[in-house]
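K.L.:
Sequence:
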Amino acid sequence: MHSDTADTTDTITARRAPDAYDDEIWRDVCAGLGAPAVADGVSVSVRRGWDLGWERQHLDAARESGRPHLSVRVHGDEVLVGPLWAPDTDAGCAGCAEVRERTVVDHPLVGDLTHAVDGPVPSEALLPELLRASLEHLARRPVGPGELYAVSARGLRRHRVARSFHCPLCGPEKGELAAGQQPLPLALRNRPASPGDPTRSGDSRLVERGLLRERLVDDRFGPVRAILRESRTPFAMSMAVVPDAPAMGHGRARTFAETEPVAVLEAYERLGGFPYDIPVLTDRAYTDVAEHAVDPATLGRYTDEQLAHPTSRVTPHTADTPMDWVWGHDLDDGRALLVPADHAFYQYEYAFRRDRRAARAVEPHERKHYFYESSSGCAVGANLEEAALHSLFELAERDAFLTSWYRAVSLPHIPESSITDPTSRAMIELIQARGFDIHLLVATRDIALPVVWVLAVNRLHPFPATFSSAGSGADPQSAIRGALREVAQLVTNPVDWTREQVEAMAEDPWLVQELEDHVRFSSIPETRERATAALGGPSVTPDEAFPDWPRRLADASGGDVRGALDFVRSLFADAGLDRIVLVDQTSREHADAGIHVARAVVPGILPMCFGHAQQRLAGLPRLEAALRGTAQEHRTSPYDPHPFP
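Residue numbers (this note's numbering): 1 to 645.
You may find that some hints are simply not true.
So the derived label-pair ranges between C-beta atoms look like this [stated by the list, open to error]:
{"no.": "1", "residue 1": "P462", "residue 2": "P172", "range": "50 to 60 Å"}
{"no.": "2", "residue 1": "R213", "residue 2": "H461", "range": "34 to 44 Å"}
{"no.": "3", "residue 1": "R140", "residue 2": "D496", "range": "45 to 55 Å"}
{"no.": "4", "residue 1": "P494", "residue 2": "A153", "range": "39 to 49 Å"}
{"no.": "5", "residue 1": "A257", "residue 2": "D355", "range": "48 to 58 Å"}
{"no.": "6", "residue 1": "P494", "residue 2": "D355", "range": "52 to 62 Å"}
Source of the hints: derived by calculation from the structure; they are not laboratory data.
Beta carbons are placed, not taken as given, at the ideal position from N, Cα and C, and that holds for glycine.
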């Protein structure tokens with residue numbers, strides 16, 4: 001199958017591998033593929049099975065001629081007509097279709113498309129006639145760029161194939177940065193805000209009903225394989241299954257229709273945790289790049305005790321240790337600054353570097369990190385400004401929650417009787433019906449953004465003792481609602497561990513190693529008093545706790561998302577956090593979906609880490625100042641494991 005023949009019409013060239021179809025019926029059908037299926041000027045190639053070299057040959061020829069290309073592949077008793085690749089569009093190609101289908105089914109060769117697969121000779125007698133009829137249909141309704149039409153006796157189905165960053169044919173370059181290759185300064189744009197929400201662009205359609213489902217959901221080719229509905233939660237919740245993402249995306253809202261886009265966006269946020277097509281500068285010590293880099297020492301350190309512990313997952317480093325870096329931009333002056341790669345992209349590590357699939361296949365201790373990070377501070381938006389703003393809200397939330405936890409002093413509380421939002425009231429009643437007292441604690445400190453810590457304390461049984469969550473946002477009612485949803489789910493879901501299994505953590509916090517262990521730690525009766533140390537503060541109404549919000553942000557923003565971002569940045573500066581470096585995590589795959597992802601890196605802020613050995617709080621003057629004058633002042637890192645879920 002190394003040669004081809006050409007059947008030429010006036011407008012279309014169809015090339016096929018001739019020895020794949022030896023009977024006259026199939027030759028006639030293949031010749032017909034060059035006619036009404038696509039628009040004028042399209043090249044067509046036909047082959048049985050998959051052959052990377054064949055596909056590359058014809059796609060390269062189409063690129064050189066500036067013409068669209070339609071790849072047709074016969075896989076046994078199925079014919080895949082397309083996808084139609086078109087230049088200067090976001091249309092997926094045959095390589096995208098192949099890698100996406102293998103990804104969905106977790107094919108053992110998903111990472112290696114170099115092996116040619118002929119596939120069985122078609123045996124379904126009806127298939128040629130089905131294909132003829134399908135071509136007549138496609139003459140009336142042609143495949144568009146990125147569309148694929150699957151024909152078999154099992155049915156006929158049209159698919160949309162999104163480009164993949166794993167595609168060996170059209171995938172982006174995974175280039176390494178040269179030492180002197182510095183990007184231009186960041187130029188943020190004005191983004192007129194939605195009339196009802198200064199944190200969202202007025203022209204954003206990301207949460208529009210059905211938009212992301214139509215664009216991204218396909219059970220065969222993905223990138224979102226399915227959107228599942230959770231029936232055991234006390235509210236509508238959906239999960240977006242993205243095989244390439246490290247975990248499903250979750251969406252919680254009043255209705256399932258509202259949850260779907262949120263779930264997809266969270267899954268795409270998690271895809272942003274790896275630099276699939278973001279250039280990386282490798283093996284440079286901080287001392288080599290200090291002039292234009294964030295000092296790793298300002299991002300928090302691990303203690304010698306942590307680094308020496310068997311549960312540690314990080315490798316010690318100094319200013320002279322060769323590290324990998326990516327570019328971010330200082331939000332103050334737009335200057336490009338390097339950030340440690342495994343801090344900017346929490347799924348990046350050094351044992352496998354660009355090979356994300358290989359890294360996911362091994363145990364965590366087999367990976368190499370200098371920073372063991374989480375998704376905290378990663379956020380999505382319809383544009384970079386929007387994503388950056390929501391990243392800062394999340395960082396402020398986590399910083400306030402952690403500071404409140406480590407201080408272990410009483411906080412102002414909002415009486416549940418003062419909550420009038422119907423959804424929040426319903427969740428409060430549900431939590432109480434489950435036997436828990438609910439406490440709405442005001443966690444806001446020096447970053448003057450609304451932050452709430454919701455603490456549920458079991459009043460009926462010693463175990464599980466407590467559950468916690470936090471919420472933030474321009475609208476305090478929305479922040480409270482978001483935190484209540486998380487706690488409502490925690491008290492509703494069956495506890496899948498026993499008291500005996502986790503009690504040892506109270507005496508030995510080094511046993512807290514994973515995210516889930518933090519929730520389990522807070523369920524131990526012996527840790528109840530540690531959580532309830534935050535109770536007993538003054539009672540305040542939401543308006544007293546968060547005066548002038550959300551109007552304060554709406555007024556300061558001037559009706560523009562960029563204005564809101566500038567205002568929130570000023571609140572960070574007022575708290576002594578005057579350097580914010582924005583890392584654009586948007587890959588080609590995000591951009592094709594109309595999604596932007598960003599992570600704000602803020603030196604000195606408290607990082608949300610999971611695992612006692614991974615707690616990165618040494619050397620942070622901000623935390624030392626916050627603990628001054630409290631009973632925790634003379635404690636040393638690592639501190640008590642936090643209860644954040």
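K.L.:
Starting from the hint 45 to 55 Å, judge whether the C-beta atoms of R140 and D496 obey it.
P.N.:
For R140 and D496 the Cβ distance comes to about 54 Å; the hint holds.
K.L.:
Could you say whether the range 52 to 62 Å given as a hint is met by the Cβ separation of P494 and D355?
P.N.:
violated, 37 Å
K.L.:
Given the hint of 39 to 49 Å, is the C-beta distance from P494 to A153 inside that range or not?
P.N.:
holds, 44 Å
K.L.:
Do A257 and D355 keep their Cβ atoms within the hinted range of 48 to 58 Å?
P.N.:
violated, 38 Å
K.L.:
Honestly, do P462 and P172 meet the 50 to 60 Å range at C-beta?
P.N.:
holds, 54 Å
K.L.:
If you check the beta carbons of R213 and H461, does the distance land in 34 to 44 Å?
P.N.:
holds, 41 Å
Hint violations for this structure: numbers 5 and 6, all remaining hints satisfied.
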